[in-house]
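Number of protein chains: 2
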Amino acid sequence: MKNFHYSIKTDIHFGKGAIENLPNEIKKYGKKVLLVYGGGSIRKIGLYDKVLDLLNENNIKCIEISGVEPNPRIDTVRRGVRFVKSDKIDVILPIGGGSTIDCAKAISAGSFYDGDPWDLIVDSSKIKKVLPIISVLTLAATGSEMDAGAVISNLETREKLGFGHPDLRPKASILDPEYTYTVPKNQTAAGTADIMSHILEVYFSKNEGAYLQDRMCEALLKTCIHYGPIAYRDGENYEARANLMWASSLAINGLLSNGKSGAWSVHPIEHELSAYYDITHGVGLAILTPNWMEYVLDNTTIEKFVQYGINVWDIDKSLDKEKIAKESIEKTREFFKSLEIPSCLKEININDKHFEDMAEHCVRKGIIDGYKLLDKDSIIQIFKSSL
Amino acid sequence: MKNFHYSIKTDIHFGKGAIENLPNEIKKYGKKVLLVYGGGSIRKIGLYDKVLDLLNENNIKCIEISGVEPNPRIDTVRRGVRFVKSDKIDVILPIGGGSTIDCAKAISAGSFYDGDPWDLIVDSSKIKKVLPIISVLTLAATGSEMDAGAVISNLETREKLGFGHPDLRPKASILDPEYTYTVPKNQTAAGTADIMSHILEVYFSKNEGAYLQDRMCEALLKTCIHYGPIAYRDGENYEARANLMWASSLAINGLLSNGKSGAWSVHPIEHELSAYYDITHGVGLAILTPNWMEYVLDNTTIEKFVQYGINVWDIDKSLDKEKIAKESIEKTREFFKSLEIPSCLKEININDKHFEDMAEHCVRKGIIDGYKLLDKDSIIQIFKSSL
Chain S
1 MKNFHYSIKT DIHFGKGAIE NLPNEIKKYG KKVLLVYGGG SIRKIGLYDK
51 VLDLLNENNI KCIEISGVEP NPRIDTVRRG VRFVKSDKID VILPIGGGST
101 IDCAKAISAG SFYDGDPWDL IVDSSKIKKV LPIISVLTLA ATGSEMDAGA
151 VISNLETREK LGFGHPDLRP KASILDPEYT YTVPKNQTAA GTADIMSHIL
201 EVYFSKNEGA YLQDRMCEAL LKTCIHYGPI AYRDGENYEA RANLMWASSL
251 AINGLLSNGK SGAWSVHPIE HELSAYYDIT HGVGLAILTP NWMEYVLDNT
301 TIEKFVQYGI NVWDIDKSLD KEKIAKESIE KTREFFKSLE IPSCLKEINI
351 NDKHFEDMAE HCVRKGIIDG YKLLDKDSII QIFKSSL
Chain E
1 MKNFHYSIKT DIHFGKGAIE NLPNEIKKYG KKVLLVYGGG SIRKIGLYDK
51 VLDLLNENNI KCIEISGVEP NPRIDTVRRG VRFVKSDKID VILPIGGGST
101 IDCAKAISAG SFYDGDPWDL IVDSSKIKKV LPIISVLTLA ATGSEMDAGA
151 VISNLETREK LGFGHPDLRP KASILDPEYT YTVPKNQTAA GTADIMSHIL
201 EVYFSKNEGA YLQDRMCEAL LKTCIHYGPI AYRDGENYEA RANLMWASSL
251 AINGLLSNGK SGAWSVHPIE HELSAYYDIT HGVGLAILTP NWMEYVLDNT
301 TIEKFVQYGI NVWDIDKSLD KEKIAKESIE KTREFFKSLE IPSCLKEINI
351 NDKHFEDMAE HCVRKGIIDG YKLLDKDSII QIFKSSL
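Protein chains in written order, with UniProt numbering: chain S, 1 to 387; chain E, 1 to 387.
Note that these hints are calculated values from the structure, not bench results. Computed from a predicted model, the values in this text were never measured in an experiment. Just so you know, not all the hints are guaranteed correct.
For identical chains, the list gives no copy identity; a pair is met inside one copy or between any two copies.
[Claimed, not checked] Below, computed lysine-lysine pairings styled on DSS-like, alpha-carbon distance capped at 27 angstroms: (1) Lys-28 x Lys-88; (2) Lys-44 x Lys-384; (3) Lys-206 x Lys-16; (4) Lys-317 x Lys-50; (5) Lys-185 x Lys-2.
Can you make the complete structure from the sequences, with help from the hints?
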C-alpha cells in the first residue's frame with residue numbers, strides 16, 4: 001500500500017428531505033449565493049422553487065446563472081466569474097449533475113484570480129484562493145459532489161481539461177436520491193458507466209498490496225452492476241437511485257485511490273472524444289473501456305482480469321485463466337449494451353477522421369503512464385478497435 | 001437505505017514516515033500538548049523519542065501521562081483532566097492503541113467540565129466543549145483513531161460504558177503500519193477480531209437496501225480474513241499490517257454504518273465480560289460472536305447468513321441454504337481459533353457465577369434492539385453456549 005493523506009471533509013446530507021439542511025450549511029459561510037444550474041430540469045422536479053423558498057425564508061440572497069452545458073464551457077465559467085466579482089458572492093451553489101458542479105468549481109477558483117479563468121484550468125497551481133461550494137446533486141455520475149476536481153471544455157482550442165485544488169471539494173453536498181427519479185434512461189445508463197469507469201481506473205493499477213482498496217472497488221462495481229439496470233428500467237426505484245448516488249460519490253472522492261497510484265487511462269482518451277465531438281462523457285467511456293481492456297490484457301496483466309472476472313462478474317473460478325479474463329471483458333461490454341449505450345463510435349457518428357490529431361493531443365504532455373503505458377499509436381489502436 | 005449525515009473530518013497521514021506530519025497538525029491548534037500513553041512499548045520501538053524530538057524541534061511543550069490501562073479506567077481519566085486543567089493544554093496527543101485514544105477522548109471531554117468526568121461517560125449529552133485530539137496509532141483494532149466514540153471502565157461500579165461526541169473524532173491521526181510490527185501475536189489476533197466484530201455488528205442489521213454498505217462490509221471482512229493470519233505469523237509484513245490498520249479505521253468511522261441502522265449486539269454483551277473480568281475486548285468478542293450468530297440464526301435471518309457465507313467465506317453457493325448458513329458460522333469460529341484466540345469462556349477462567357448479574361446489567365436500559373431482540377434470558381443463553 002502506498003503512503004497517502006486522507007482528507008475528505010465534505011459533509012453529506014443524504015436521503016429524502018435532505019434539502020432542509022441547505023440553509024444551515026450556506027449560513028456557515030455567508031448570506032449571498034450564486035445559484036448555478038443547467039437547463040430547466042430542476043424547475044420541472046420542483047427543486048428550483050424549493051431551494052428559492054428555503055433561501056428566502058433564511059434571508060439568503062441569490063444571483064443566478066443558468067445554461068451550464070453538459071460538457072461545461074469556459075465561456076460559461078467566465079460569465080459566472082463576472083457575476084461573482086460584481087455581486088460579492090459568499091457561496092457558490094450548484095444544483096445539478098457533475099457538469100454544473102464542475103462549472104461551479106471553475107467559477108469558485110476564478111473568483112479570486114485577476115486573469116482569464118482558463119489559465120487556472122490549464123495550470124491548477126495558479127489557484128490560490130476559492131469561494132466555498134455547497135452542491136445539490138441531481139445526477140449520479142461524476143462524483144464532483146465530493147471530490148476536488150473538475151473538467152472544463154474550451155471549444156475554441158478543442159480542449160477538455162481536468163483541473164483541481166483541495167479547497168474545491170464542496171463544503172457540503174445534498175444528496176436526495178428522489179431528485180434523480182426523472183433522469184432519462186440514457187443519462188442513467190451513461191452515469192452508471194461513468195461511475196464504473198472511475199472505479200475501474202483505480203482498480204486496474206500496477207499497485208501491489210492495496211488489497212483493501214481493490215475489494216472496495218469490487219464492492220462498488222457490484223453495486224453499479226446490481227442497481228444500474230434496476231434504475232434504468234424503473235427510474236423511481238429509491239434503493240437503486242440511492243445506491244447509485246452514494247456509489248458515485250465514493251467512487252472518486254479518494255476512498256478508493258488513497259494507497260494506490262498511477263495515472264488514469266480511459267478518461268484522458270475519452271476527453272479527446274468529448275472535446276472533438278461534444279458527446280456524453282459516460283457514453284465515450286463505455287465505448288472505449290472494453291476495447292482498452294482488450295488492449296492491455298496480456299501475460300503481465302492477466303491475474304488482475306481474473307480477479308475482476310471472479311470477484312465482480314462471478315465467473316466460474318475453475319475455468320482457464322485466459323477464458324476468465326476474456327469473459328470478464330465480454331461481460332463488461334455486454335453490461336453496457338444491456339443499458340442500451342452505443343457500443344461503437346460509428347453508432348454516435350464518429351469516424352476515423354481525427355484519430356491522429358486526438359491521439360497526438362492526448363499525449364501532448366507525455367505518454368500515459370497508466371495500467372499499461374499508452375503512447376500515440378496505442379491510443380489510435382484503441383480508437384480503431386472502438387470504431 | 002436510511003437517511004444519513006456523513007461527516008468524517010479526521011485527516012489521516014498513512015504510511016512509512018507519516019509521523020513527520022505530527023508537528024504541523026499540532027500547530028494548527030496550539031503549542032502545548034498532553035502526551036497520553038500506556039506502558040513502555042512506545043519507548044521500545046523508538047516512537048517516544050521520535051515524538052519528543054519532533055515536539056522539541058518545533059517548540060511544542062509537552063506534559064505526560066502514562067500507564068493507561070488496556071481497559072482504560074476513569075481514575076486515569078481523572079488524573080489526566082487534573083493535568084489539563086492545571087497546565088493549560090492545547091491539544092491531547094494519545095500515542096498507542098484504542099485504549100490510549102479512548103482515555104484521551106475522555107480527558108478531552110473532561111477538560112471543560114467542572115464535575116467528575118464519569119458523569120460524561122454516563123451521559124454524553126453533558127459534553128459541551130472538548131480539546132482537540134491528534135493521535136498516533138500503534139495497534140489496529142478499535143478504530144478510535146477515526147471515530148467519535150470511546151469506552152471507559154469503572155472498576156468500582158463494575159461498569160464499562162461507551163460514550164461519544166462528534167467533536168471527539170481526532171482532528172488528525174498518524175497511521176504508520178511499522179509501529180505495529182512489534183504488536184504481540186495475541187494482540188494482533190484480538191485486534192483482528194475486534195475489527196471484524198465492528199464490521200459484523202453493522203453487517204448483521206435489519207436494514208434493507210443498504211446494498212453498497214453490505215458489499216463494503218464484505219470487502220473489509222475479506223481484508224481481515226486475508227491479512228489477519230499473515231500479520232499473526234509474520235509481524236513485520238508491511239502489507240498485512242497496512243491493510244489491517246486501514247481496515248481498523250474504516251470499519252467504525254461511519255463509512256459502513258451510514259445508511260444502515262440498529263443497535264449493536266455483541267459489543268454490549270462483551271462489555272459486561274470486560275467489566276467483570278478485565279479481559280481483552282477482542283478475545284471476548286471472538287468467543288461470543290459465533291455463539292451469538294448461532295442464537296440469531298433462524299428462518300428470518302438465514303438469507304443474511306447465506307450472503308455472508310458465499311460472499312465472505314467463499315462457500316459453494318449451490319449448497320443448501322441451511323448448510324451455507326451453518327458453515328459460515330463454523331468458518332467464523334475456526335478463523336478465530338486459527339489465530340489461537342481462546343474459544344470459550346472457561347479457557348479464560350470465566351464460569352457462570354456472574355451470568356445473571358451481567359445479563360441483568362446489560363439490559364438495564366432496555367432490551368437490545370439489535371439484529372434480533374436480546375433480553376436478559378437471551379444473553380444468559382449466549383453466555384452459557386460460550387462457556
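Hint-by-hint comparison with the structure:
| no. | hint | in the structure |
| --- | --- | --- |
| 1 | Lys-28 x Lys-88 | within (16 angstroms within a copy, 29 angstroms between copies) |
| 2 | Lys-44 x Lys-384 | neither (41 angstroms within a copy, 61 angstroms between copies) |
| 3 | Lys-206 x Lys-16 | between (40 angstroms within a copy, 20 angstroms between copies) |
| 4 | Lys-317 x Lys-50 | neither (51 angstroms within a copy, 48 angstroms between copies) |
| 5 | Lys-185 x Lys-2 | between (39 angstroms within a copy, 25 angstroms between copies) |
In terms of the numbered hints stated before, the structure departs from hints 2, 4, listed from lowest to highest.
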